[in-house]
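Asker: Residues per chain, in single letters:
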Amino acid sequence: MALLNYKIATIGSHSALQILKGAKDEGFSTIVICLKGREKPYKLYNVADEIITIKNYKEFSKIQDKLIKRKAIIIPHASFIAYIGHDDVEKFKVPYYGNKKILKFESDRNLERKWLKNAGLKLPKIFKNPKDIDRPVIVKFHGAKGGKGYFIAKNEKDFNQKIKHHPEEKDYVIQEYILGVHMYIHYFYSSLTGELEIMGFDKRYESNVDSLGRISARDQMALPASKVDPAYVIVGNMPIVVRESFLPRIIEMGEDVVKESKKITPEGLFGPFCLETIMTPDDEIYVFEISARIVAGTNPYTHGSPYTWLKYDEPMSTGRRIAREIKNAIRRNELNKVLG
Amino acid sequence: MALLNYKIATIGSHSALQILKGAKDEGFSTIVICLKGREKPYKLYNVADEIITIKNYKEFSKIQDKLIKRKAIIIPHASFIAYIGHDDVEKFKVPYYGNKKILKFESDRNLERKWLKNAGLKLPKIFKNPKDIDRPVIVKFHGAKGGKGYFIAKNEKDFNQKIKHHPEEKDYVIQEYILGVHMYIHYFYSSLTGELEIMGFDKRYESNVDSLGRISARDQMALPASKVDPAYVIVGNMPIVVRESFLPRIIEMGEDVVKESKKITPEGLFGPFCLETIMTPDDEIYVFEISARIVAGTNPYTHGSPYTWLKYDEPMSTGRRIAREIKNAIRRNELNKVLG
Amino acid sequence: MALLNYKIATIGSHSALQILKGAKDEGFSTIVICLKGREKPYKLYNVADEIITIKNYKEFSKIQDKLIKRKAIIIPHASFIAYIGHDDVEKFKVPYYGNKKILKFESDRNLERKWLKNAGLKLPKIFKNPKDIDRPVIVKFHGAKGGKGYFIAKNEKDFNQKIKHHPEEKDYVIQEYILGVHMYIHYFYSSLTGELEIMGFDKRYESNVDSLGRISARDQMALPASKVDPAYVIVGNMPIVVRESFLPRIIEMGEDVVKESKKITPEGLFGPFCLETIMTPDDEIYVFEISARIVAGTNPYTHGSPYTWLKYDEPMSTGRRIAREIKNAIRRNELNKVLG
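Chains as they are written, first to last, in this note's numbering: chain A, 1 to 340; chain B, 1 to 340; chain C, 1 to 340.
Treat the hints with care, since some could be wrong.
Note: identical chains are not told apart, hence a pair may lie in one copy or across any two.
As the list claims (entries may be wrong) - Computed cross-link-like contacts, DSS-like style, restricted to lysine-lysine with a CA-CA straight-line distance of at most 27 Å:
#1 K91 / K148
#2 K128 / K66
#3 K36 / K259
#4 K311 / K104
#5 K337 / K40
#6 K262 / K43
#7 K69 / K128
#8 K263 / K40
#9 K122 / K43
#10 K262 / K327
Please keep in mind that the hints were generated in silico from the structure rather than gathered at the bench.
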């Protein structure tokens, strides 16, 4: 198809392997932009027709003309956004899959919270003032340290003592501690057809907290606290399926988020997104975050998930689903509906 | 095939997605019976040729004639049995896949235990009288609360103290606490060929107990006990494989259960079933329960499991295996052998 | 292809199912050698064209002529090596896939450590003398007890007290305790093309340590220590994917191990191998062991892994990859390059 002289491009990290493989499966040529020295995975798996290396992410803006000339469409992922920065992404001239206007609602915790609350989702309580703490909380730091340093406090006094160990941290959130299990829900909403899909689920694999329980309570108590301090740094993802009776509610949660997104910006949220939830023994589903783009939790499903295989009789990763959506848009002459 | 004017029907929950998808892959038309408002998953994945909505499960008996007229064969799953009730299932007039007579042996804990013991399986000890507790035990409640409230007691005294917190609970079992890891074994036994298959394995994902270890022992001790009380409510399932050297024993366990089932009811157990086990560091396999039908633990394998792919060169979920069995029975003119 | 009158043979255990299935998919006939009574899995899944039963593993040497007559090529796995013994494997006359000379570098902990260190990998510190213990350590026993008895000690004094409970154990290692999550990396290095592949990743499922965190800290403290003693006996494996940004480093780790292996024995390491790692919250990857052959952690991927599906448009297990390598070697008339 002549229309497929468009090329799919992304930054080599996060979920680039499935994005590029999925694009090739849909008939696109692919481009990966890599930091020098980080090209090997894309060569090894042979998913990139072209590899453009840059020295640092600031150079990214310089290759825009090159990408435009190649008719590249950029697929954003979390590393892309983190490396380039929200503001620069918005100024970006290369055609971009997704709605850029949604980015600030995702990155600003207050706007994000308002969006999810207005969509009717259940959120953990946030305590703006430590004086208000009336139940166990988890204190999460933002910024460079990733998932390190987070701590649980049982009350205000406990919080005041523990926060002293983090004198340098000013940017944190005091969140109600919800005891339940994590479940990451992968959605895809088509701006072409108005249909919502559930692509799958994952459970993150976090270091060191997912190993903590392998140390007996006696040993944990015996070891110095600093040696068994939990950290929540994501190092991988595991496939999982959800109890089927939750699906009707999970579908509605996704629909409500999309519906509400159209109130905050006309085009609304479309393409892949993820609700990051905690499911409690009382069958409550708490949402603590939204990712308004592809998440790395879809990486176990480069060859399709237990859910996509129900709908498609071919392997359908989220990366491939994006490429198919772009192909459908090109065919319908509605590319404007998927570029943001 | 003209014989495929039979239709496969089930209730929309539990493992209905793979049952319906599997039936379609085998060439059957499908019907899903849903509570009003719970149809969305079956529409989204397009696995049902007909959706019949009912207001509550009592209405189910009223649609029997409708189902019979459509030549529907009902595939039971745990939610089906739970919603309709064992007694009503037995009176059910719509053709039913499986042996209804096995249901009471599964639902009555004493009969179930006798069956498994006579099959030579290793079971956790049950203490009928708290006075007999001579080792750590887990106390499990039955009925509406699901996996909530279960507690571990180290001896009789500990039991007597903790049971006080559950004055309303009369129906519980005091089970030897086996420290090992859970493994759920998915079998399929063909009443047509006499062959037993291992379809796969899973590990349940339970809230909140599968998150408990992510809280450091220090934090657990600091938080009020009520905030870190374990509960065992299933919210999902994860794929897993077993150490290959266990397979010969696991196959024999399945064979022994089937053999023994033929002593308690002539047709015996056939179709999918699951042994719910704990594997200890001493290579013991304790069986704590049997499910005499498809389990939700097979849901990670809608597109086949690491085991079914060894035997079949096409995706073979347990749901599809059921449909294939029915198709084979129709072809052999032996439907009576698979309907109960 | 006439050349495929070679047969693929292995011992019935560990990863034999995928090895045999993979060999058949590549067009080979297959032979499985089983202890009497352990044939059932290979019949059930129909992966063996011939089953040779032996009474015990000492009989294995007696069937060598039979195997040679059939033009069998033996694929070794951990159980094969463990049952036959390193020394006997080296004397083995049947054509053997892999480099036998590498075996002693894997089985001798000092040689193994030197190899990995020289390859530039980060290893946990080993304390030869308890007096040197200056941080928390894990004490691992070797030999018959598998993963049982391992203990964590916070300092020399703690070590000296705990080691008293194991008067019979002389063969142990005192290893720095690294708090992070386990990640098992499956590599394949082709001695024909010089290419390295990442086949996938797994997480072991160990009894009882992977259930320990499901017991609340309060309950663990209340139960007798002997009832909650951790053990690390592998009973299964779970699929997992790694954070994509780690891949460039992981590929280099594999390349460095292969490069170094060529210094210790001319042919070096080739075929499948596994680095057993711990990933810390500081993004460090500690390697605590190498397996210089197929690992059971590849068993979740009999139908391909999220990684092999990127490279191959057909299901490529590690077992099948081995068979393909042998087939390629036969075609190139370079069998000597893959037999050791």
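Asker: 27 Å Cα cut-off: does K263 pair with K40 within a copy, between copies, both or neither?
Answerer: between (43 Å within a copy, 24 Å between copies)
Asker: How do K128 and K66 come out at 27 Å by Cα distance, when the copy is not named: within, between, both, or neither?
Answerer: neither (46 Å within a copy, 58 Å between copies)
Asker: Could you place K36 and K259 in one of the four classes (within, between, both, neither) given a Cα distance threshold of 27 Å?
Answerer: between (41 Å within a copy, 22 Å between copies)
Asker: For the identical chains here, do K262 and K43 meet the 27 Å Cα criterion within one copy, between copies, both, or neither?
Answerer: Answer is between: at 24 Å across copies they meet the 27 Å cutoff, but 40 Å inside does not.
Asker: Pop the pair K262 and K327 into one bin, within, between, both or neither, using alpha-carbon distances up to 27 Å.
Answerer: Answer is within; shortest intra-copy Cα gap is 24 Å, inter-copy 48 Å.
Asker: Under a CA distance limit of 27 Å, which applies to K91 and K148: within one copy, between copies, both, or neither?
Answerer: neither (32 Å within a copy, 52 Å between copies)
Asker: Tell me, please, which holds for K337 and K40 at an alpha-carbon limit of 27 Å: within, between, both or neither?
Answerer: between (34 Å within a copy, 26 Å between copies)
Asker: When Cα atoms must be at most 27 Å apart, do K69 and K128 count as within-copy, between-copy, both, or neither?
Answerer: Neither, since 49 Å and 62 Å both go past 27 Å.
Asker: When Cα atoms must be at most 27 Å apart, do K311 and K104 count as within-copy, between-copy, both, or neither?
Answerer: neither (33 Å within a copy, 36 Å between copies)
Asker: Can you tell me if K122 and K43 fall within 27 Å by alpha carbon in one copy, between copies, both or neither?
Answerer: Classified as between: cross-chain Cα gap 26 Å, same-chain 43 Å, threshold 27 Å.
Consistency note: the structure conflicts with the earlier hints numbered 1, 2, 4, 7.
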